[in-house]
Amino acid sequence: MAARPWSLAVPIVAGLFVAAPFVVPSWILFILHLALAKFLVVLAVALFLRGGLVSFGHALFYAVGAYTAGFAAKWFGVREAVLLVPLGGLFGAAVAAVIGLFIAKYRGVFFAMLNLAVSMILYAILLKFYWVTGGTDGLRVQTPTLLGFVPPRDLIRMTSYYVVLVVAGVMTYVVYRFLASPLGYYLKALADNEIRIEYSGESVQRVIYATYVLSGALGGLGGVLTAFTVGHIVPEYAFWIQSGEFVFVALLGGYSSVPGPLIGAIAFEFIRTYANKYAPYAWQMTLGIIMLLIILLQPGGLWAMYESVVARFSRRAEGVERA
Amino acid sequence: MLQRGEGAHMALLTIVILDGFVFAAVLFLLSVGLTLIFGVLRILNISHGGIYALGAYLGTYLALKILDVGLSPYLTYLMLLAGAVIIGVITGPLLERLFLRRVYGQAEAIQLLLTFSILLILDDLIKLIWGTAPLMVSTPSTLLGHVSLAGIPYTWYHFLLIGVSIVFGGTLVWLMRGTRFGKIVVSVINDREISTAVGINVNRIYTLAFTLGALCAALGGAAVAPTIAVAPGFAVEVGVQSFAVIAIGGMGSLEGAALGALLVGLVRALAIHTFPELELVVIYVLMLIVLMIKPEGLFGEVELRRI
Amino acid sequence: MSRFHKPYTRWWLSLSSIGLVVCIIYAAVVAAQPKGAPKELKLGFVDFFSGAAAMFGVSGKNTAELLVDKWNKEGGIKGVPVKMVEVDENGGPDKQVTEYRRLVLDEKVDAIVGYTSSANCLAIAPLAEELQTLTVVHICGTRRLTEENKLKYVFRTSNHQVADSVMAARYVLAVKPEMKTVAGANEDYAWGRDSWDDFKAALLQLKPDVNIVGEVWTKIQAGEYSAEISKLLSLKPEVVHSTFWGGGLVTFVKQAAARELFKNSLVILPVLEQSFQDLKNETPEGVIALPRATSGYFLHPDPQSNPLQKEFVEAYKARFGRYPDYVAYRTYQAFAGLKAAYEKAIDQAGRWPKTEEVMKAFEDLTWQTPIGPVTMRADHQAVHAGIVGLSKMSPQLGFAIMAQLKEMSADQIMPPVGIKSSDWLKTLK
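Residue numbers (this note's numbering), protein chains in the order written: chain Z, 1 to 323; chain B, 1 to 307; chain S, 1 to 429.
Same shape as in the complex, but just chain Z (with noise of 0.2 Å):
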């Protein structure tokens, strides 16, 4: 009974966004498209925040696909998306595997620290080693190739497009199987009482390591898509600023579903184009201002003002039923 409404309204979110390349002018289109990559790692801190604990150093997971592409174009002329982004994951997953290793023991604002303090390291790694990463000027990274081929000219942004929309769509989907999972529960349970899963028989740090190296994946394959979204890379992606906006995208969605970062995340960017177009020199004010009137007044974020709205109408329908 549940899964009814849901198995309606996806196919029509679904269908929405494939027809958008078709119904919206390209620019909008270019920020769904942004949206939908950077929506993956916010993903990625959003399965964290449904475990109480907050990541300030997405931004390395993000910053190692972004520069997985980079390095493949760079150092080895390769541009072929089929083989790049499945990397870009597998190099987030493998160093949050390693990084996970010793994280995975830590909790609140511990947690939260080492995490942006190893981002600031790649940060600065990034910045020094100039002649190999492009420092500050950054690296280009072109459009990549679909197995082989390159799409005609006017026909590449809608390509890439729907490259970004698969892979968010397969990554939506593996993150709901991972939360309605055993696994996936225990991460809800680590918000309210961690002891109490011990208890139970699990090992928290296994809970949390696995989440760490599917929240690595996703991270890796959201800078990816970005790096070919965008087209340049920069040192920055794996700046602290960029981990924190990535918490706040999160936030603004609403962290306690699957929906909630994705429209997080096209909101972010609406909000980020107009304010750019209307008060372009308080755009860090803008953000503040949204972020604590969020915290404030609704932290379940957008997806949470939508759900009430919808209760309001169901219960009134309700009654009118009962009456």
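Hints were generated in silico from the structure; no laboratory data involved.
Mixed in with the good hints there might be a few duds.
Cut-off 25 Å, straight-line C-alpha distance, at most; resulting in silico cross-link-like pairs (BS3-like, lysine-lysine) [what the hints assert, rightly or not]:
#1 S:K152 / Z:K74
#2 Z:K277 / S:K108
#3 B:K65 / S:K280
#4 S:K200 / S:K263
#5 S:K78 / S:K108
#6 S:K200 / Z:K277
#7 S:K263 / B:K65
#8 S:K263 / S:K70
#9 Z:K277 / S:K78
Not close to chain B: a few residues of chain S, all C-beta gaps over 10 Å, as computed [to be verified]:
#10 E215
#11 G223
#12 R377
All values derive from a computational prediction rather than experimental measurement.
Note that the Cβ used here is the ideal one computed from N, Cα and C, for glycine as well.
Fit chains B and S to the known structure of chain Z by using the hints.
Just chains B and S, lined up with the frame of chain Z:
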């Protein structure tokens, strides 16, 4: 008589130690407020860098005004102090009452994001008030002249900074350990419920503690301002360094902040003189190493899990 | 009954909410679409309005607004008024890429002028080609822009970083021909690294027995340099070269002056001129100062004998309370070049030109600015002369000016068309 090689080594060591201490003083003044706030309220105040920058800006601005008016340059020190106190006394209660109070007990993510958003707002606020050109008043630092040590000149103001940070640290320690106020704060830290039961106005203590931390931040900013040019973006830059310092020293510990600052200062000075390539990463690598060996930081306390 | 309806109602509600949200977005999109501006030339201007580089962007913005207002008062470009849309360059290349698209596809600008940061101009260059929009880069200094790409739609209207380094090397040898030791203090990113490498290459080519005694590297706009200054002092070099700029440079000068670095060494600061008015009377004397490799500043050519210069300097000072700096002049170069290209294209075509015609007119064009002529080459890199001098306090102005000016011609400081800088530096004479 020292051989030439030995002489050079001694000089280098002296320089590294001096530079290390100077930088440590700056870091300490930056971080002690942050660790204090964390110790009492258990919140990592990401907006700390913003309050520090505000203190630097207002202090510099007032000092410049005094010079414009033509009064004695020695008054600039007073102006720096005044600027810092004004900022601390205004932002402290304002931020705590209006914003922080609403998120006590909520998820950590929410608290961190709240202070993060305040940082962003403060950074742009500074730009809106004072514009984008850098502000600088070097009179306080050049007024005292300089002295030659190990063959190179240092300004007396740098040593004044070291002195100020020692006095500062000492005062805070005395405040927390030797006064009644300090004992009340410790009681609130340990058990909020019992403290309320005993009749302590916990809300007021929280506000006071946060204000004290904000005051420390603002004073730190104002003290350092004469040696730099305050410019937009300053708040975000110093923020990360303060986190690293208190993470190394142990969050919530005053001695930890001092030790953390000293460690980072000395290691960085050493890196600059011997392996300049490492200078950027040194602070984070140090943080990583310390946290891996002793996760709570050097002087931090292990937090017990409450069932 | 109600249990049957509940999930059904929810389903409808979620569907209609989604639909509503979608409609709102579409409506916003439609409303945001401009009606098309036929009798107006729309220009996008991108520079730093926030962050550490904001002092650069402010000069650029001021000049842009001054010029556009002036042109519109005179009737526009051949009668067509100019409208400017400003975008903040702060936020990184991915934001700039989105903003570039917005400028072209939403605001429908005809051309874009701007970009100070090397990372940003390298990021948008391929985009300019993709979206076929004329882009004039005014400040960005990385030589890679014009040397590593074949540019069609992108033009750079001022000398790049190699000119700064070559001028510095030539001048220091002119002022101190017996120099033996030099140290570098630069920011650790492409601008700092490339500038230092180019300076070293030029210097060693011109005087091979110079000894590089040491280098210090700092973060971009680090703000705290005590330890680096200690190291420089202990190295005791005769010459110090530093490409610090903006807020970082101002702090460095303050801290270094207090510790007598400028007394012990001859310091070269290629971006010092831009900070003169911020440093006021704290600028040390006798520092080799450049407005980067720009052919003039507000005192040279002398405004009293050059009407274009007089007009610009007086208008700028009256409106903004400051004298124009190199950023202002390079912005002027960019806008003036664009206008000249449009006018030439209009004359050639006899009607309002297509973008490709403007581009064709821009190549090999020479146009006038208050500080001298600028020539655009076929590789879309413009060249002009450069000046360098020693800092000297001016009691009337209250800040430092450049004394003992030396002007160097374009061919002395910029590599010729088709030759890479690294190769050209090896043949320097």
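Next item on the list: Hey, is E215 of chain S genuinely clear of chain B, shortest beta carbon separation above 10 Å?
Entry: About 7 Å separates E215 of chain S from the closest Cβ of chain B, which leaves it inside 10 Å; violated.
Check: CA of K200 of chain S to CA of K277 of chain Z, is that 25 Å or under?
Finding: 43 Å, violated
Notebook entry, point to check: Keeping to a limit of 25 Å between CA atoms, is the pair of K200 of chain S and K263 of chain S held or broken?
Noted result: Answer holds: K200 of chain S to K263 of chain S is near 23 Å, not above 25 Å.
Notebook entry, point to check: Going straight from one Cα to the other, do K65 of chain B and K280 of chain S come out at no more than 25 Å?
Noted result: The hint holds at about 16 Å.
Note to self: Please verify whether K78 of chain S and K108 of chain S have alpha carbons no more than 25 Å apart.
What the structure shows: This hinted pair holds, its Cα atoms lying about 20 Å apart.
Note to self: Holds or violated: K152 of chain S and K74 of chain Z, Cα atoms, limit 25 Å.
What the structure shows: 23 Å, holds
Next item on the list: For the pair supplied as a hint, K263 of chain S and K70 of chain S, confirm whether the alpha-carbon distance does not exceed 25 Å.
Entry: Judged against 25 Å, a Cα distance of about 45 Å means the pair is violated.
Notebook entry, point to check: Going straight from one Cα to the other, do K277 of chain Z and K78 of chain S come out at no more than 25 Å?
Noted result: Not satisfied, since the Cα-Cα distance of roughly 29 Å exceeds 25 Å.
Check: Holds or violated: K277 of chain Z with K108 of chain S, Cα cutoff 25 Å?
Finding: Holds. K277 of chain Z to K108 of chain S sits at ~14 Å (cutoff 25 Å).
Check: So is G223 of chain S really clear of chain B, every C-beta pair being over 10 Å apart?
Finding: 5 Å, violated
Check: Is the Cβ of R377 of chain S farther than 10 Å from every Cβ of chain B?
Finding: 34 Å, holds
Note to self: Tell me if the straight-line CA distance from K263 of chain S to K65 of chain B falls inside 25 Å.
What the structure shows: The given pair, whose Cα atoms are some 30 Å apart, is violated under the 25 Å limit.
Hint compliance for this structure: hints 6, 7, 8, 9, 10, 11 are broken, all remaining hints hold.
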